[in-house]
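Asker: Those protein sequence lines, which keep their order, are chains X and H. Going by full-length UniProt numbering, the first sequence runs without a break in its numbering and finishes at 94. Going by full-length UniProt numbering, the second sequence runs without a break in its numbering and finishes at 445.
Please keep in mind that the hints were generated in silico from the structure rather than gathered at the bench. Since the structure is predicted, the reported quantities are computational estimates derived from the model, not experimental observations. Hints should not be assumed to be uniformly reliable.
[Stated by the list, open to error] Using 30 Å as the maximum straight-line C-alpha spacing, the simulated BS3-like pairs for lysine-lysine come out as follows: (1) H:K131 <-> X:K92; (2) X:K29 <-> H:K387; (3) H:K131 <-> H:K115; (4) H:K398 <-> H:K218; (5) X:K29 <-> X:K3; (6) X:K66 <-> H:K115; (7) X:K92 <-> H:K127; (8) H:K398 <-> H:K344; (9) X:K29 <-> X:K92; (10) H:K218 <-> H:K127; (11) H:K387 <-> X:K66; (12) X:K66 <-> H:K218; (13) X:K92 <-> X:K5; (14) X:K66 <-> H:K131; (15) H:K398 <-> H:K387; (16) H:K127 <-> X:K66; (17) X:K5 <-> H:K218; (18) H:K218 <-> H:K344.
[Said to hold, decoys possible] Simulated coverage check for chain H against chain X, where a stretch passes if three residues somewhere in it have a Cβ under 8 Å from a Cβ of chain X: (19) 38-52; (20) 114-125.
[To be verified] From the structure, some residues in chain H lie toward chain X, with a derived Cβ separation under 7 Å: (21) G60; (22) D440; (23) F441; (24) L444.
A virtual CB, placed ideally from N, CA and C, is assigned to each residue, including glycine.
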Amino acid sequence: MAKAKLTFEDIGQSVNVPAGIRVIEVSEKVGAGIIYGCREGDCGTCMMHVTEGWNNLTEPSVLEEKVLRENMASRHNRLACQAQVIGDCSVKPA
Amino acid sequence: MTCPNPSSATQPGTGATPVAIADGVHWIGALDPMLRRFDLILRTANGTTYNAYAVRGSSGVAVVDTVKAEFADTFFARLEQVARYEEIRVIVLNHLEPDHSGALPELMRRAPQAKLVISTRAPAMLKALLKADGQEIRYETVDTGDEIDLGDRRLRFLHTPYLHWPDTQCTYLLEQQVLFSGDVFGCHHCDPRLFNDRVGDFRFAFEYYYAHIMRPFKTHVREALALIEPLPLAVIAPTHGPILRERPRRYVARYRALSGADASLEPVPADAEPLRTLLVFYLSAYGSTARMAEAIAAGAEAVPGIRVSLYDLEGGETGPFVDLIEAADAIALGSPTINGDAVKPLWDLLSSLTVVSLRGKVGAAFGSYGWSGEAVGMIEDRLRGLKLRVPVAGLRLKLIPTDGELDDCRDFGRALAQAVTGAGAAGSEAGDTAAKPVIDFADLA
Numbered sequence: 001m002a003k004a005k006l007t008f009e010d011i012g013q014s015v016n017v018p019a020g021i022r023v024i025e026v027s028e029k030v031g032a033g034i035i036y037g038c039r040e041g042d043c044g045t046c047m048m049h050v051t052e053g054w055n056n057l058t059e060p061s062v063l064e065e066k067v068l069r070e071n072m073a074s075r076h077n078r079l080a081c082q083a084q085v086i087g088d089c090s091v092k093p094a
Numbered sequence: 001m002t003c004p005n006p007s008s009a010t011q012p013g014t015g016a017t018p019v020a021i022a023d024g025v026h027w028i029g030a031l032d033p034m035l036r037r038f039d040l041i042l043r044t045a046n047g048t049t050y051n052a053y054a055v056r057g058s059s060g061v062a063v064v065d066t067v068k069a070e071f072a073d074t075f076f077a078r079l080e081q082v083a084r085y086e087e088i089r090v091i092v093l094n095h096l097e098p099d100h101s102g103a104l105p106e107l108m109r110r111a112p113q114a115k116l117v118i119s120t121r122a123p124a125m126l127k128a129l130l131k132a133d134g135q136e137i138r139y140e141t142v143d144t145g146d147e148i149d150l151g152d153r154r155l156r157f158l159h160t161p162y163l164h165w166p167d168t169q170c171t172y173l174l175e176q177q178v179l180f181s182g183d184v185f186g187c188h189h190c191d192p193r194l195f196n197d198r199v200g201d202f203r204f205a206f207e208y209y210y211a212h213i214m215r216p217f218k219t220h221v222r223e224a225l226a227l228i229e230p231l232p233l234a235v236i237a238p239t240h241g242p243i244l245r246e247r248p249r250r251y252v253a254r255y256r257a258l259s260g261a262d263a264s265l266e267p268v269p270a271d272a273e274p275l276r277t278l279l280v281f282y283l284s285a286y287g288s289t290a291r292m293a294e295a296i297a298a299g300a301e302a303v304p305g306i307r308v309s310l311y312d313l314e315g316g317e318t319g320p321f322v323d324l325i326e327a328a329d330a331i332a333l334g335s336p337t338i339n340g341d342a343v344k345p346l347w348d349l350l351s352s353l354t355v356v357s358l359r360g361k362v363g364a365a366f367g368s369y370g371w372s373g374e375a376v377g378m379i380e381d382r383l384r385g386l387k388l389r390v391p392v393a394g395l396r397l398k399l400i401p402t403d404g405e406l407d408d409c410r411d412f413g414r415a416l417a418q419a420v421t422g423a424g425a426a427g428s429e430a431g432d433t434a435a436k437p438v439i440d441f442a443d444l445a
């Protein structure tokens with residue numbers, strides 16, 4: 001299975017993950033500082049900033065785009081409960 | 001105590017008669033004068049109303065919101081006096097909470113040709129509300145600026161998310177300048193006289209409702225006001241409480257004032273360095289946790305760019321402390337451990353923070369203990385549960401602090417202040433970040 005390196009900058013931890021995994025599935029296990037609310041892409045709590053490898057996450061859905069807009073997301077922000085890792089990238093809490 | 005007399009013929013909201021609020025627009029809601037607590041969290045001294053409205057256009061009728069399920073009969077009785085079911089073209093739900101969507105399934109059965117109109121954030125909630133009923137409902141989603149034509153009049157939609165659910169929208173009737181505002185500008189105040197110029201003083205209910213329902217979403221309130229303020233307003237028709245027809249703009253202005261970014265009365269000099277605020281709250285039975293608090297505050301205060309304030313929780317009421325926390329950047333909470341737990345005034349504070357936004361704030365916990373010392377960990381868990389960031393591991397000391405332990409407290413305060421200001425290391429957990437080896441996902445527990 002294809003692997004990717006996902007780095008959580010706030011705790012300085014990188015994890016080799018199977019491609020396709022959602023950030024939420026890794027961040028909670030490794031104890032990164034991204035916090036979660038509804039866990040289903042609705043509340044915007046888990047907004048994260050993608051510092052590297054923006055293109056190595058799946059495209060946001062229409063609904064995620066909307067939630068990002070409503071929560072005043074800046075450029076390269078994503079929802080950690082929605083974004084799936086498809087290549088190396090680094091993230092931190094927004 | 002007296003309750004509004006539901007049989008009085010002099011009051012427009014009594015009996016089961018609809019009440020005209022503008023040309024072709026009727027109130028068809030329900031009064032619930034005996035309710036004493038709403039949604040478990042709000043006290044309602046004279047009950048509430050569930051306001052719903054019917055708008056007649058030349059090509060059909062729109063129903064805007066419904067009522068709580070128990071009040072469906074009254075709602076339908078009023079509706080039937082202003083429209084036949086086959087005339088209903090559109091049903092608008094500004095917000096899907098059950099007190100406004102309770103009569104929807106039955107209304108859709110009676111008016112199956114009607115199109116349900118909800119905000120773009122509402123479909124998932126609609127599905128969850130109707131799943132037990134098994135009813136399939138056709139709906140259309142609308143966003144800010146979308147319009148529905150009723151022939152000689154138009155409904156325009158304003159998406160106002162988080163006021164107070166993610167799905168919330170307002171609906172504006174252009175020709176009559178009526179804003180169906182959902183829960184925005186509403187309050188739990190039941191008076192069959194219905195209109196703000198007839199019900200007497202209901203400020204306490206308006207302010208109380210804002211403080212508990214809208215206050216956690218101040219940023220979103222300001223965004224919604226930016227959409228609402230440019231509109232000409234003849235009437236604001238909310239889903240709870242009086243209909244605001246006499247100087248409605250006063251209520252918009254009040255929301256603007258209440259949603260201000262900073263309620264502090266102190267002027268900030270133009271050339272002042274921006275200061276981050278750390279509040280240290282503590283409880284102390286024998287003075288040990290108090291001494292820790294003082295040392296933590298002193299350590300934090302030594303970091304440039306931070307202003308630290310120290311409060312004994314025993315010396316104040318919860319409400320003003322919540323106000324302080326709303327405006328602060330960080331809080332440190334200290335409690336001794338008594339019988340394996342933090343002490344009640346601290347939990348009282350921590351259970352009162354849901355009315356303010358805590359997004360982006362930093363939290364920390366500390367305390368002296370006798371033999372077990374669980375309080376610090378429990379406070380940290382609660383802080384994380386409230387979605388605060390807890391970048392510095394909590395500090396516990398056994399009984400009376402030594403001078404060396406007070407030095408640890410000062411270090412703790414310094415690390416916390418640095419995490420808040422972004423100076424130096426981001427906190428004790430992040431000190432050795434570069435050296436951590438890459439781990440494999442399969443090895444994570």
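Asker: Tell me if the straight-line CA distance from K92 of chain X to K5 of chain X falls inside 30 Å.
Answerer: holds, 14 Å
Asker: Are K29 of chain X and K92 of chain X close enough, with their CA atoms no more than 30 Å apart?
Answerer: holds, 15 Å
Asker: Starting from K66 of chain X, check that the Cα of K218 of chain H is at most 30 Å away, please.
Answerer: holds, 19 Å
Asker: Sort out whether K127 of chain H lies within 30 Å of K218 of chain H, counting only the CA atoms.
Answerer: holds, 28 Å
Asker: For K398 of chain H and K218 of chain H, compute the direct alpha-carbon distance and say whether it is at most 30 Å.
Answerer: violated, 42 Å
Asker: What's the verdict on K29 of chain X and K3 of chain X, does the C-alpha distance respect the 30 Å limit or exceed it?
Answerer: Satisfied, since the Cα-Cα distance of roughly 18 Å is no more than 30 Å.
Asker: Checking one constraint from the list: CA of K387 of chain H to CA of K66 of chain X, max 30 Å. Satisfied?
Answerer: The hint holds at about 22 Å.
Asker: Please work out if K398 of chain H and K344 of chain H have their alpha carbons no farther apart than 30 Å.
Answerer: holds, 20 Å
Asker: Please count how many residues of the region 114-125 of chain H have a CB within 8 Å of a CB from chain X and say whether that reaches 3.
Answerer: holds (count 3)
Asker: Quick check: the region 38-52 of chain H, covered by chain X? Criterion 3+ residues, Cβ under 8 Å.
Answerer: violated (count 0)
Asker: Take the C-alpha atoms of K398 of chain H and K387 of chain H, compute the straight-line distance between them, and say whether it is at most 30 Å.
Answerer: Status holds; Cα separation ~28 Å.
Asker: Does the nearest C-beta of chain X fall within a distance shorter than 7 Å of the C-beta of F441 of chain H?
Answerer: holds, 4 Å
Checked against the numbered hints given earlier, this structure breaks hints 1, 4, 7, 17, 19 and 21; the rest are met.
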